[in-house]
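Novice: For the sequence shown, the residue numbers in my numbering are 1 to 239.
Rather than coming from a laboratory, the hints here were simulated on the basis of the structure. Heads up, some of the hints might be wrong.
Pairs of lysine-lysine, BS3-like flavour, derived with a Cα cap of 30 angstroms [as the list claims (entries may be wrong)]:
(1) Lys-44 with Lys-180
(2) Lys-135 with Lys-44
(3) Lys-236 with Lys-24
(4) Lys-135 with Lys-24
(5) Lys-144 with Lys-128
(6) Lys-144 with Lys-24
(7) Lys-24 with Lys-186
(8) Lys-186 with Lys-44
(9) Lys-44 with Lys-24
(10) Lys-193 with Lys-180
Here the structure is a predicted model, which is why all the values come from computation and not from measurement.
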Amino acid sequence: MHPLDVVKTRFQIQRGKTDPTSYKSLGDCFRTIFQREGLLGFYKGIFPPILAETPKRAVKFFTFEQYKKLLGYASLPPGLQPSSFVQARQIIKTDGLGFQGLNKGLTATLGRHGVFNMVYFGFYFNVKSILPVNKDPNLEFLRKFGIGLVSGTIASIINIPFDVAKSRIQGPQPVPGEIKYRTCFKTMATVYKEEGFLALYKGLVPKIMRLGPGGAVMLLVYEYVYAWLQETIDHKESF
Numbered sequence: 001m002h003p004l005d006v007v008k009t010r011f012q013i014q015r016g017k018t019d020p021t022s023y024k025s026l027g028d029c030f031r032t033i034f035q036r037e038g039l040l041g042f043y044k045g046i047f048p049p050i051l052a053e054t055p056k057r058a059v060k061f062f063t064f065e066q067y068k069k070l071l072g073y074a075s076l077p078p079g080l081q082p083s084s085f086v087q088a089r090q091i092i093k094t095d096g097l098g099f100q101g102l103n104k105g106l107t108a109t110l111g112r113h114g115v116f117n118m119v120y121f122g123f124y125f126n127v128k129s130i131l132p133v134n135k136d137p138n139l140e141f142l143r144k145f146g147i148g149l150v151s152g153t154i155a156s157i158i159n160i161p162f163d164v165a166k167s168r169i170q171g172p173q174p175v176p177g178e179i180k181y182r183t184c185f186k187t188m189a190t191v192y193k194e195e196g197f198l199a200l201y202k203g204l205v206p207k208i209m210r211l212g213p214g215g216a217v218m219l220l221v222y223e224y225v226y227a228w229l230q231e232t233i234d235h236k237e238s239f
C-alpha cells in the first residue's frame, strides 16, 4: 500500500497546474515516478511507517477500547511523528524539537488522525450494530468487510483536508528559506484561496484506494483476533 501513499503525498504537495512538476492524472504520476526514480521511488520514506505502524495500531485499538467504555465511540489517539532515526537527528540538529522542527505539522497530524478515527470507528461500530448479523460465516465476513470498506472511505473523504495541510506544512516550501505554510487551518485557508476547494482533496483517489480496503482489513483482523483472545481467556478461566 506504500506506493499509493507516495502518490497521494506527491499530489498533495504540488501547487496546481502552474507547478512544473504537476501530475496530470493518477496514471501519469505512477509513470513519472517510475521513469525518473525507478521502482524504489515508490518506497521512499517507507521506514518511518514500518517503525511507527505497529505501536500506532496498538495504541489506536487500546485507546479505542478504553474510550468506548468511558465515552462511547470517541477516539483521538496521538499522531506519531517521524521515526526515521537518521532524518530525525538531522531535523533536531537543524530545526530543534519544536513545531518548526521534529514536531512540525503536529496539529494537522492530530487533526488528521482524530477526525479519521472518530468517523472510522464511529461509523463501523454503529452501522454494524444496526445491520443484522448473518449466520453464514462467509456472508458475515463480507458484511463486516463491506462496512469497514465504507468506513475507511468516508473517513478518508472527511479528513483529507487535514492530510493536505500536513503534507504542505511538512513538505518543501514554495520559496526556499521562506515558510509559507505554518499552521493547520491557515494552511487550509491558503490552499483554498490560491488553488480552490478541490485542492483540499488532492490525493483523494490513492488515499481511498489504500485506506478503503486497508481499513476494512484492519478492522476485520482486530475483530477476529479480539474474539479469539476473549475465547482463549474465557476457556482458560473455566478450568
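Novice: Going through the numbered hints above, which ones does this structure break? Give me the numbers in ascending order.
Specialist: 2, 3, 4 and 6
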